[in-house]
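J.: Going down the list, the sequences are from chains G and Y. The first sequence begins at 12 in the numbering used here and counts up by one. The second sequence begins at 147 in the numbering used here and counts up by one.
Just so you know, the hints here were simulated from the structure itself, not pulled from any lab data. Please read these numbers as outputs of a predicted model, since none were measured by experiment. Hints should not be assumed to be uniformly reliable.
Said to hold, decoys possible - Lysine to aspartate or glutamate pairs mimicking EDC-like chemistry, simulated, CA-CA at most 16 angstroms apart: (1) Y:K410 / G:D159; (2) G:K214 / G:D258; (3) G:K52 / G:D104; (4) Y:K327 / G:D88; (5) Y:K327 / Y:E312; (6) Y:K410 / Y:E395; (7) G:K135 / G:D88; (8) Y:K327 / Y:D309; (9) Y:K323 / G:E132.
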Amino acid sequence: MNAPAIASESPATAATAAAIAVSSVSKWFDGSEGQSLLVLKDIDIQVPAQSILAILGASGCGKSTLLNIISGILRPDRGHVCINGIPSRDFQDWRSVSYMFQEDRLLPWRTALANVEFSLEAGKMPRAERRRRALEALQLVGLNGFEDAFPHQLSGGMRSRVALARSLVLDPCILLMDEPFSRLDAQTRSLMHQELLRIQQMKHMTIIFVTHDVEESVVLADRVVVLAPRPGRVREFVDIELDRPRDPTLPEVTRYIQRLRALL
Amino acid sequence: MPTVLEESIHARTPPRKWRISLVAQRFALLGVILAIWWIASLPMPHFILPGPPRVLEAFRTIAGNGDLWSNLGITLGRVGTGFLLATAVGLPLGIILGSNRRLGDFFEPIIPVMNTVSSAIWATFAIIWFGVSNATTVFVVFMTAMPLIITNVWQGTRTVNADFIELAQTLRMPAHKVMIKIYLPTILPYFFSGARLAFGFGWRVSLVAETLGSSSGVGYRLRQAADLIQTDQVFAWTITLVMMMAILEMGILRPLENHVFRWKKEAEGS
Numbered sequence: 012m013n014a015p016a017i018a019s020e021s022p023a024t025a026a027t028a029a030a031i032a033v034s035s036v037s038k039w040f041d042g043s044e045g046q047s048l049l050v051l052k053d054i055d056i057q058v059p060a061q062s063i064l065a066i067l068g069a070s071g072c073g074k075s076t077l078l079n080i081i082s083g084i085l086r087p088d089r090g091h092v093c094i095n096g097i098p099s100r101d102f103q104d105w106r107s108v109s110y111m112f113q114e115d116r117l118l119p120w121r122t123a124l125a126n127v128e129f130s131l132e133a134g135k136m137p138r139a140e141r142r143r144r145a146l147e148a149l150q151l152v153g154l155n156g157f158e159d160a161f162p163h164q165l166s167g168g169m170r171s172r173v174a175l176a177r178s179l180v181l182d183p184c185i186l187l188m189d190e191p192f193s194r195l196d197a198q199t200r201s202l203m204h205q206e207l208l209r210i211q212q213m214k215h216m217t218i219i220f221v222t223h224d225v226e227e228s229v230v231l232a233d234r235v236v237v238l239a240p241r242p243g244r245v246r247e248f249v250d251i252e253l254d255r256p257r258d259p260t261l262p263e264v265t266r267y268i269q270r271l272r273a274l275l
Numbered sequence: 147m148p149t150v151l152e153e154s155i156h157a158r159t160p161p162r163k164w165r166i167s168l169v170a171q172r173f174a175l176l177g178v179i180l181a182i183w184w185i186a187s188l189p190m191p192h193f194i195l196p197g198p199p200r201v202l203e204a205f206r207t208i209a210g211n212g213d214l215w216s217n218l219g220i221t222l223g224r225v226g227t228g229f230l231l232a233t234a235v236g237l238p239l240g241i242i243l244g245s246n247r248r249l250g251d252f253f254e255p256i257i258p259v260m261n262t263v264s265s266a267i268w269a270t271f272a273i274i275w276f277g278v279s280n281a282t283t284v285f286v287v288f289m290t291a292m293p294l295i296i297t298n299v300w301q302g303t304r305t306v307n308a309d310f311i312e313l314a315q316t317l318r319m320p321a322h323k324v325m326i327k328i329y330l331p332t333i334l335p336y337f338f339s340g341a342r343l344a345f346g347f348g349w350r351v352s353l354v355a356e357t358l359g360s361s362s363g364v365g366y367r368l369r370q371a372a373d374l375i376q377t378d379q380v381f382a383w384t385i386t387l388v389m390m391m392a393i394l395e396m397g398i399l400r401p402l403e404n405h406v407f408r409w410k411k412e413a414e415g416s
């Protein structure tokens, strides 16, 4: 595989090809005593199409806030975000941008299949078409045979797969993930990493994910942006120039892990 | 992996043997009660405490001449109407009050006050306003059932998971679909327990209302039988009501609830 992410030193040249461009974004939150608190300061990030970017940082550095700004749920107070070259406030095609949360957030009263269909119910797609695509997505994450199971009947890893299928069923060109596998045990998590990489290869998605797990960022990402806390700002970009699959026990992988740990 | 699923499905139904013994226990209990009743009735005059055979005879009479079915139908119709009206008003009001904090805080004191007003008082007002008519009973059922439904739906609305709302937001789901697909399923268990309570209460107060302000229905016939010292008929009507409630509960409400809430964990359900 050839990762399309070549480290571009000047963000300006990458801007045209970037799937997502975050330009001098700042964000304030209301503090406890009526003061506003700066959570993100002058963030500049370019994400080339079909690449995987990890946003790495300790808790409280505003990485989830940054992801919410990229997804359009939050508005930046300064700066702007462009998606496929279109400023996010003018961007219409939000259904091509999928968001996967830290928790699986499966609706307990719906079966696995119906949970996946939920993503498609915001629009006006006919029922049969919804069903067909949801079945396809479940198959993609390896859950055929579990269509009619309710969430409480599934293991943590399977629930996570359903949540992934729910994100993928929209056929997104951009997938945003907020520590999506952090609640899984180590073995299941690395299994989900392989699945994610396999699907990303197949569907040519751009992925941005937030994590505090250094190893996860090295195993998955083409490029890691390390955030420094209070206020959240970019400390460094690190390009991971390694072939996949990346075994976290290999010396060249551990070297990256150590380097990133030192930056945190 | 499939074993996880299979296990939880098998755990769903209790062992067969255990269920059969439960049924046997219920019948034994019924037998004990009947026996006590029968023995107690032996030394008593029949207009004070009629025995089971005499009550069965009275039951046959009212069932045979159609008296039972027509009055039961009338009462059930009134309870049903009052209950449906209470649902139609209570469900949306509960959702509005639960989802809007300011409105909720403002109207909060009304509900406990309404709950404490005795149904006899509602019945008195109903007679003043509606006279001896169907509307009297319907009104009393409505005034009793509505606060119960509002309270439960209100509570349910407050438990709606903000995470699910956020999920719908990232999907850009329109507000009315969020209402139907997230609010309603969350509220449903609360609504159900409220409706169940409301129906039970409504059924009981309807008798009070019919005794006071009606010229038909089970409540009216109960009072009439008591006035004429037809104690065996009073017993027959009472047993009819008990059976009616048992059939509604076990034949309709519980199976419906089991079906609608089959997604719930076993631990929560029992």
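J.: It remains to establish, for every hint, whether it holds in the given structure.
T.: Hint check:
no.	hint	result
1	Y:K410 / G:D159	holds (14 angstroms)
2	G:K214 / G:D258	violated (23 angstroms)
3	G:K52 / G:D104	violated (27 angstroms)
4	Y:K327 / G:D88	violated (32 angstroms)
5	Y:K327 / Y:E312	holds (13 angstroms)
6	Y:K410 / Y:E395	violated (20 angstroms)
7	G:K135 / G:D88	violated (33 angstroms)
8	Y:K327 / Y:D309	holds (14 angstroms)
9	Y:K323 / G:E132	holds (8 angstroms)
Figure legend: structure checked against the earlier numbered hints; hints not met, in rising order: 2, 3, 4, 6 and 7.
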